[in-house]
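*Asks:* Protein chains in written order, with this note's numbering: chain A, 171 to 331; chain B, 171 to 331; chain C, 171 to 331; chain D, 171 to 331.
To be clear, the hints were calculated from the coordinates, so they are not data collected in a lab.
Hints may contain errors.
[Unchecked claim] Keeping only pairs whose Cα atoms sit at most 25 Å apart, straight-line, the calculated DMTMM-like set for lysine to aspartate or glutamate is: (1) D:K206 / A:D192; (2) C:K260 / A:E239; (3) D:K326 / D:E263; (4) B:K201 / A:D222; (5) B:K206 / C:E214; (6) A:K201 / B:D197; (7) B:K320 / A:D222; (8) C:K206 / B:E214; (9) C:K260 / C:E214; (10) A:K326 / B:E214; (11) A:K206 / B:D253; (12) B:K320 / D:D188; (13) D:K201 / C:E257; (14) C:K237 / C:D225; (15) A:K260 / A:D222; (16) D:K201 / A:E301; (17) C:K206 / C:D225; (18) A:K237 / A:D188; (19) D:K326 / C:E205; (20) B:K326 / D:D188; (21) D:K221 / D:D253; (22) B:K206 / A:D253; (23) A:K237 / A:E301; (24) A:K206 / D:D253; (25) C:K206 / B:E328; (26) C:K326 / C:E257; (27) A:K260 / A:E329; (28) A:K206 / D:D192; (29) B:K201 / C:E202; (30) C:K206 / D:E263.
Predicted, not measured: the structure shown is a model, and the values here were computed from it.
Number of protein chains: 4
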Amino acid sequence: MKIKIYTTGGTIDKIYFDQKSDYQVGDPQAKEVLEKANVVLNYEVESIMRKDSLDLTDGDREQIRAKVESASSESIVITHGTDTMVETAKVLESIASKTIILTGSMYPAQFQNSDAVFNIGCAVTAAQILEPGVYIAMNGRIFDPHHVRKNVELNKFEEIM
Amino acid sequence: MKIKIYTTGGTIDKIYFDQKSDYQVGDPQAKEVLEKANVVLNYEVESIMRKDSLDLTDGDREQIRAKVESASSESIVITHGTDTMVETAKVLESIASKTIILTGSMYPAQFQNSDAVFNIGCAVTAAQILEPGVYIAMNGRIFDPHHVRKNVELNKFEEIM
Amino acid sequence: MKIKIYTTGGTIDKIYFDQKSDYQVGDPQAKEVLEKANVVLNYEVESIMRKDSLDLTDGDREQIRAKVESASSESIVITHGTDTMVETAKVLESIASKTIILTGSMYPAQFQNSDAVFNIGCAVTAAQILEPGVYIAMNGRIFDPHHVRKNVELNKFEEIM
Amino acid sequence: MKIKIYTTGGTIDKIYFDQKSDYQVGDPQAKEVLEKANVVLNYEVESIMRKDSLDLTDGDREQIRAKVESASSESIVITHGTDTMVETAKVLESIASKTIILTGSMYPAQFQNSDAVFNIGCAVTAAQILEPGVYIAMNGRIFDPHHVRKNVELNKFEEIM
Chain A
171 MKIKIYTTGG TIDKIYFDQK SDYQVGDPQA KEVLEKANVV LNYEVESIMR KDSLDLTDGD
231 REQIRAKVES ASSESIVITH GTDTMVETAK VLESIASKTI ILTGSMYPAQ FQNSDAVFNI
291 GCAVTAAQIL EPGVYIAMNG RIFDPHHVRK NVELNKFEEI M
Chain B
171 MKIKIYTTGG TIDKIYFDQK SDYQVGDPQA KEVLEKANVV LNYEVESIMR KDSLDLTDGD
231 REQIRAKVES ASSESIVITH GTDTMVETAK VLESIASKTI ILTGSMYPAQ FQNSDAVFNI
291 GCAVTAAQIL EPGVYIAMNG RIFDPHHVRK NVELNKFEEI M
Chain C
171 MKIKIYTTGG TIDKIYFDQK SDYQVGDPQA KEVLEKANVV LNYEVESIMR KDSLDLTDGD
231 REQIRAKVES ASSESIVITH GTDTMVETAK VLESIASKTI ILTGSMYPAQ FQNSDAVFNI
291 GCAVTAAQIL EPGVYIAMNG RIFDPHHVRK NVELNKFEEI M
Chain D
171 MKIKIYTTGG TIDKIYFDQK SDYQVGDPQA KEVLEKANVV LNYEVESIMR KDSLDLTDGD
231 REQIRAKVES ASSESIVITH GTDTMVETAK VLESIASKTI ILTGSMYPAQ FQNSDAVFNI
291 GCAVTAAQIL EPGVYIAMNG RIFDPHHVRK NVELNKFEEI M
């Protein structure tokens, strides 16, 4: 089984650029996370874009959808900003026969106490086990995109009716 | 769903004691890992023992088995030393109706580049998804205890016939 | 000997606020750094302001100067943004009988590979050894404020004539 | 000014070897610490030995002394185990015209909350400022080898009469 990991940007990939006195999306972090985790998986990481998810357009989401649909792998993980992860998840639902897990993190992977590594572990595991469909892996749980929202105040994803 | 996490020791919980010029099993690390991961799970961590898995006896394994069997939860994660994780997994197979995931790490959770956080993410996810049975979650994959061994030279778990 | 540490903000204290999708000056990091370093020093940390050093006004610099001058301690460390650290250093030169060390970092203390901890170690040591005067401790060296500038492209402080 | 850094082993360089279920002195950590600290110093790191300081013999100390005495640099830092750092410092006192700073750490540099980086910052700064002589840089302070001891219970170095 080969897992294809697509990165789209988001907080998980944000790094600090001192010259700009700012914090911007940098190189995809998923690759380094998986290397350090010493996984025995057959996987490949590909960057589609480097955007804050609040800046994703319909065109961007279609680009992500087309990429995922054309992937030879049936197990997909997408690292994505948390703000509009649910929207992108819904756009991907039309894809058949693939298990697609979206994840991200509230703190950059480069931070000392980031949730990035834990979340990527969850997503990669879910991608190997779950039946075809689209799921969100955040805060240690697996959510149905139609029954989850990001609670911005609490910084957590939560189930909704 | 409530997840019960039992800790038994192993490298994952090893910390450095300068006074002893040595490296020994200390407080269970799983609790701190889950707190930092900001999970929305309902879970409880309980320490059964603090042993290097090479030092586990049949009596210790029976103690672990009895604890797991009597747990009210049906989703169990056990952090354990990697050297004899497979042996303990086989002892637990007689337990019915519970999804039991064993995991650990090659480097202590306290190390900067440890696989501990990633592995706990994998295990906690598998515990919520898999059908009842006993599994090993290491190196990003889920293994059947009867078809896995620890490759000591490569520091990885691998599938065997 | 008691060391007084004043914090003014800067990159060293920047943390990520997911709700704002932004990276802002947060709690002073010097206190936590010194606690983890297990120092046997007699010291006190006081926050004067939480500003990016590009936003410091003459009024702010006067506030810092007045605070330092009135300190009972003769050994002072100031954590400060790197962009205008030299300007603030020059304003402090009129203060007699105190050893004043300014430091900061190019990456936030909260980052995994930050220079913050190293730089605070340098500054705290220089504050105990150097003769009264104002100095800049960055990139492992001690600089005279009149003979140093921040090289933005290289992200380093360098000596100038 | 060029700083010569000699490494001799000790806790600062201890890493975990899973295959040995043990914690042993590995590659010198000082080099990586200085690279991450982004220093503008002219320095060189050389490993003399990789020993726990409790295992150092008179022959080992003479080897260290000979190395330091023959160094072309006048600013020397030695990373060393904390248990017998004072003994080695006293052996080096016969060396003229060099500023020699011994440091180490209570926790390995590879640990998440190690004092290693802070201590190396202190030592490297002291090596550039202090008058020729031998000093110990631990816990944020500079000590005279004749007036310091390691307090094992508290895990700190303290001044003595």
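*Asks:* Each of the hints needs a verdict: does it hold here or not?
*Replies:* Verification of the supplied hints:
Among the hinted pairs, K206 of chain D with D192 of chain A is consistent with the structure: their alpha-carbon atoms are about 20 Å apart, no more than 25 Å. At most 25 Å may separate the alpha-carbon atoms for a hinted pair to count; K260 of chain C and E239 of chain A exceed this at roughly 61 Å. At roughly 23 Å between alpha-carbon atoms, K326 of chain D and E263 of chain D fall within 25 Å of each other, so this suggested pair holds. Of the pairs offered as hints, the one joining K201 of chain B and D222 of chain A is violated, with about 31 Å between alpha carbons and a cut-off of 25 Å exceeded.
Distance hint between K206 of chain B and E214 of chain C is unfulfilled; the C-alpha atoms sit about 29 Å from each other, more than 25 Å. For a cut-off of 25 Å, the pair hint linking K201 of chain A to D197 of chain B is broken: about 31 Å separates their Cα positions. The straight-line distance between the Cα atoms of K320 of chain B and D222 of chain A is roughly 41 Å, outside the 25 Å bound, and the hint therefore fails. Between the alpha carbons of K206 of chain C and E214 of chain B the distance comes to roughly 29 Å, so the proposed pair goes past 25 Å and is violated.
Restraint check for K260 of chain C and E214 of chain C: the C-alpha separation of about 24 Å stays at or below 25 Å, so the hint holds. Annotation: proposed proximity of K326 of chain A to E214 of chain B holds, straight-line Cα distance about 19 Å (limit 25 Å). Using a Cα cut-off of 25 Å, the hinted pair K206 of chain A and D253 of chain B holds, with the two alpha carbons roughly 20 Å apart. Restraint check for K320 of chain B and D188 of chain D: satisfied, since their Cα atoms lie roughly 12 Å apart, inside the 25 Å limit.
For a cut-off of 25 Å, the pair hint linking K201 of chain D to E257 of chain C is broken: about 32 Å separates their Cα positions. Between K237 of chain C and D225 of chain C, the direct Cα distance comes to roughly 19 Å. Compliance with the 25 Å bound is thereby established for this hinted pair. Of the supplied pair hints, the one linking K260 of chain A and D222 of chain A holds, its CA atoms being roughly 18 Å apart against a limit of 25 Å. Using a Cα cut-off of 25 Å, the hinted pair K201 of chain D and E301 of chain A is violated, with the two alpha carbons roughly 48 Å apart.
Between K206 of chain C and D225 of chain C the CA atoms are separated by roughly 30 Å; this puts the pair beyond 25 Å, and the hint is violated. With a C-alpha separation of about 33 Å, the suggested pairing of K237 of chain A with D188 of chain A is violated against the 25 Å cut-off. The suggested pairing of K326 of chain D with E205 of chain C holds, with an alpha-carbon distance near 13 Å, which does not exceed 25 Å. Simply put, K326 of chain B and D188 of chain D have alpha-carbon atoms about 11 Å apart, close enough for the 25 Å limit, and the pair holds.
For the hint linking K221 of chain D to D253 of chain D, the alpha-carbon distance of about 12 Å falls within 25 Å, and the restraint holds. Under the criterion of a C-alpha separation no larger than 25 Å, the hint pairing K206 of chain B with D253 of chain A is consistent with the structure, at around 20 Å. Taken as a hint, the K237 of chain A and E301 of chain A pair is honoured in the structure, with Cα atoms around 20 Å apart against an allowance of 25 Å. Between K206 of chain A and D253 of chain D the CA atoms are separated by roughly 33 Å; this puts the pair beyond 25 Å, and the hint is violated.
With a C-alpha separation of about 39 Å, the suggested pairing of K206 of chain C with E328 of chain B is violated against the 25 Å cut-off. With a CA separation close to 16 Å, the supplied pair K326 of chain C and E257 of chain C stays within the 25 Å bound. Of the supplied pair hints, the one linking K260 of chain A and E329 of chain A holds, its CA atoms being roughly 15 Å apart against a limit of 25 Å. Restraint check: the Cα-Cα separation between K206 of chain A and D192 of chain D comes to about 20 Å, which is no more than 25 Å; the hinted pair holds.
Between K201 of chain B and E202 of chain C the alpha-carbon distance is near 22 Å, which keeps this suggested pair within the 25 Å criterion. About 31 Å separates the Cα atoms of K206 of chain C and E263 of chain D, which puts this hinted pair outside 25 Å; it is violated.
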